[in-house]
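Quick note, the sequences are listed as chains A and B, same order. Numbering of the first sequence is given in the numbering used here, commencing with residue 1 and proceeding in unit increments. Numbering of the second sequence is given in the numbering used here, commencing with residue 1 and proceeding in unit increments.
Treat the hints with caution; some may be incorrect.
Here are some chain B residues pointing at chain A (derived, C-beta under 8 Å) [to be verified]: (1) Leu-22; (2) Lys-25; (3) Thr-73; (4) Ile-76; (5) Ser-78; (6) Leu-82; (7) Leu-103; (8) Arg-104; (9) Cys-142; (10) Ala-181; (11) Gly-204; (12) Ala-207; (13) Asp-257.
Mimicking DSBU-like on lysine-lysine, the simulated pairs with C-alpha atoms at most 35 Å apart in a straight line are [to be verified]: (14) A/Lys-233 with B/Lys-35; (15) A/Lys-237 with A/Lys-57; (16) B/Lys-100 with A/Lys-237; (17) A/Lys-57 with B/Lys-100; (18) B/Lys-88 with A/Lys-237.
Residues on chain B that point at chain A, a partial pick, calculated with CB under 8 Å [stated by the list, open to error]: (19) Val-60; (20) Leu-62; (21) Phe-84; (22) Thr-101.
To be clear, the hints were calculated from the coordinates, so they are not data collected in a lab. All C-beta atoms, glycine included, are put in the ideal place defined by N, C-alpha and C.
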Amino acid sequence: MSDERTLDLLEAKIDELRTLNEADGIDLSKEIERLERKLEALREELYANLSDWERVKLARHPKRPYALDYVAAAFDGFYELHGDRIDGDDRALVAGLARLDGRTVVVLGQQKGRSTEENKERFFGMARPQGYRKAQRVMRLAERFGFPVVALIDTPGAFPGLEAEERNIGGAIAESLLTMSGLRVPTVAVVIGEGGSGGALAIGMADRVLMLENAVYTVISPESAAVILWKDKERMKEAAEALNLTADRLHDLGLIDGVIPEPLGGAHKGFERTATALREELVRQLEELGNRTPGELVEGRHRRYREVGQYRDASADDG
Amino acid sequence: MPIFKEKDYLRVDLDREPDESLWMKCKSCGELVFKRRVRENNNICPSCGEYFFLTAVERVDLLVDEGSYEDITAPISSDDPLQFVDRKPYPERVTEAQAKTGLRDAILVGRSTIADVPVVLGVMDFRFIGGSMGSVVGEQICRAMETAIEERRPFILVSSSGGARLQEGLFSLLQMAKTVAVRAEMAKAGVPFVSVMTYPTSGGVQASIASLGDVILAERGAMIGFAGRRVIQNAMSEELPSHFQSDAFAFEHGAIDRVVGREALRNELATLLGFFGEAE
Chain A
1 MSDERTLDLL
11 EAKIDELRTL
21 NEADGIDLSK
31 EIERLERKLE
41 ALREELYANL
51 SDWERVKLAR
61 HPKRPYALDY
71 VAAAFDGFYE
81 LHGDRIDGDD
91 RALVAGLARL
101 DGRTVVVLGQ
111 QKGRSTEENK
121 ERFFGMARPQ
131 GYRKAQRVMR
141 LAERFGFPVV
151 ALIDTPGAFP
161 GLEAEERNIG
171 GAIAESLLTM
181 SGLRVPTVAV
191 VIGEGGSGGA
201 LAIGMADRVL
211 MLENAVYTVI
221 SPESAAVILW
231 KDKERMKEAA
241 EALNLTADRL
251 HDLGLIDGVI
261 PEPLGGAHKG
271 FERTATALRE
281 ELVRQLEELG
291 NRTPGELVEG
301 RHRRYREVGQ
311 YRDASADDG
Chain B
1 MPIFKEKDYL
11 RVDLDREPDE
21 SLWMKCKSCG
31 ELVFKRRVRE
41 NNNICPSCGE
51 YFFLTAVERV
61 DLLVDEGSYE
71 DITAPISSDD
81 PLQFVDRKPY
91 PERVTEAQAK
101 TGLRDAILVG
111 RSTIADVPVV
121 LGVMDFRFIG
131 GSMGSVVGEQ
141 ICRAMETAIE
151 ERRPFILVSS
161 SGGARLQEGL
171 FSLLQMAKTV
181 AVRAEMAKAG
191 VPFVSVMTYP
201 TSGGVQASIA
211 SLGDVILAER
221 GAMIGFAGRR
231 VIQNAMSEEL
241 PSHFQSDAFA
251 FEHGAIDRVV
261 GREALRNELA
271 TLLGFFGEAE
């Protein structure tokens, strides 16, 4: 974002002045204070009026914290588990055991790479059938021992490629949904960045679904929607608006349960705070769900998803 | 089956405008073929064997015992929850599709018998916004399964869909979860589910309900897959085999149980349902 660059420059300038201030003993504190106020005002203005497309870019921001960042900061002692027990280990979908507020949980998450090198392994967080089958295997493990499941969603979508289709990626997503729908333990899903279509939902059919404030969740990327529906790849801004993909909007529509606030400028501008907010919300949700019997959990989940949809009575149309 | 003098009919002058009501041009072989002959041949090109699309009504006719179909498609219609406008408003697309197909949305649901076995049958219609699954299609599939559970009839779903209805955004995506939730109930109740994949079964439909049949059949000529060929080529610039996402591809990789010719589908279902019936 070009406006974001302006803010970064200003921030760097303030840091520079601060260094000077300390080094030379010249009193610049007034100037620093003035610039800081200006920075804050600019930031507020910029982020209070984000368009949906800018929100998409923020959700994909290269500095945005990824699943394993939250796993390290909001959980204790993550112990990663690998492999689908059939034909491989997908590094785009991580899974493992961790402790949260003194109890064991199973954590799943799509993991993007920070660098080109990392993305050769992580495929930008686009999971393959091996990933969704690992998720199922680890969810069943959670169920055996009564561990709640926490899913951190951050993916542009499932991996679009020959080898994924050969291994029936669609079938793997469907089976993942079926497994998740029947889990006899509490489940919470949080969209931390990009919630891209079926590849995101595959680990998102939870009892509670939350989103970070600047995350997006959508049936199709705005770019693809622009091509398919507008027949014009430049119209992704319109597509982003039309899709209603922001956390606040989806909360208003009743499709998600809550929005976890981020610092001004996005999660990467105050990671510790975001991770703490995430942790506290997870603990609160799991505490509430903890009062339910396994049967109540499954029944409640089925009722929740059974009711999704909006349609109108058309019996009068036929006359 | 009556024998037409095919060659006489098919060698007509291609430059001449064909009579709309009697003739059609096969997209696959380019031949002009007699429409009635096509219909009598299960909508298969008599010249090259290409399968033409079946409307939901034609599909029902093909599969069920004559006179046994009782439509139970719920009287509901799309509500445009996002007030979605792309090149045209979504309600306009729905109205056009309704006018074109005579359907309320992209699926028909009914009770019927197949070789005297009572079933609940859901049939998708690709002509209705690509057979896409939004709130209405999701709801119809769920109600169909609930009827199947209640009346202990096997459920048969014939898919023909490009995936989720984009104009309903996340509402559509979540129909995947909705249909899966009811599918789980059907499994618990011990009611059999046969999924029949036809051309095409892709995206969110393939990645949810269609892939969760106790038995999955594919009609010959089906296209089965999650991400489209073009999407994959754009994203990965990958060389794709010519039979990519075909019935043979899905079979070879274990995604489906059997591939069945259109003309044999009814008998195949009858045979299969026989295994799930009560002991004599």
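Going down the list of hints, with the structure as the test:
Look at B/Leu-22: its Cβ only gets to about 32 Å from chain A, farther than 8 Å, so that hint breaks. Restraint check, B/Lys-25 versus chain A: the minimum CB separation of about 26 Å is more than 8 Å; hint violated. With its C-beta approaching chain A no nearer than about 10 Å, B/Thr-73 sits outside the 8 Å limit, and its interface hint is violated. Because the closest C-beta pair between B/Ile-76 and chain A is about 4 Å apart, less than 8 Å, the hint holds.
Satisfaction of the interface hint for B/Ser-78 is found here, the shortest Cβ-Cβ separation to chain A being roughly 6 Å, below the 8 Å cut-off. The restraint placing B/Leu-82 at the interface with chain A holds, with a minimum CB-CB distance near 5 Å, inside the 8 Å limit. Restraint check, B/Leu-103 versus chain A: the minimum CB separation of about 11 Å is more than 8 Å; hint violated. Restraint check, B/Arg-104 versus chain A: the minimum CB separation of about 6 Å is within 8 Å; hint holds.
At its closest, the beta carbon of B/Cys-142 sits 7 Å from a beta carbon of chain A; the interface hint therefore holds under the 8 Å criterion. Checking B/Ala-181 against chain A by beta carbon gives a least distance of about 4 Å; that is within 8 Å, so the hint holds. For B/Gly-204, the suggested interface contact is upheld, since its CB lies about 6 Å from the closest CB of chain A, less than 8 Å. Here the hint on B/Ala-207 is kept, as its CB sits about 4 Å from the closest CB of chain A, short of 8 Å.
Interface hint at B/Asp-257: violated, since its Cβ lies 12 Å from the closest Cβ of chain A, which is beyond the 8 Å cut-off. Distance hint between A/Lys-233 and B/Lys-35 is unfulfilled; the C-alpha atoms sit about 39 Å from each other, more than 35 Å. Of the pairs offered as hints, the one joining A/Lys-237 and A/Lys-57 holds, with about 11 Å between alpha carbons and a cut-off of 35 Å not exceeded. Between B/Lys-100 and A/Lys-237 the CA atoms are separated by roughly 31 Å; this keeps the pair inside 35 Å, and the hint holds.
At most 35 Å may separate the alpha-carbon atoms for a hinted pair to count; A/Lys-57 and B/Lys-100 exceed this at roughly 39 Å. Annotation: proposed proximity of B/Lys-88 to A/Lys-237 holds, straight-line Cα distance about 17 Å (limit 35 Å). Of the supplied interface hints, the one on B/Val-60 is violated, with its beta-carbon coming no nearer than about 18 Å to a beta-carbon of chain A, more than 8 Å. This hint is violated: B/Leu-62 has a C-beta 25 Å from the nearest C-beta of chain A, more than the 8 Å allowed.
Look at B/Phe-84: its Cβ gets to within about 5 Å of chain A, closer than 8 Å, so that hint holds up. For B/Thr-101, the interface hint is violated, since its Cβ never comes within 8 Å of a Cβ in chain A; the closest pair sits about 14 Å apart.
In terms of the numbered hints stated before, the structure departs from hints 1, 2, 3, 7, 13, 14, 17, 19, 20, 22, listed from lowest to highest.
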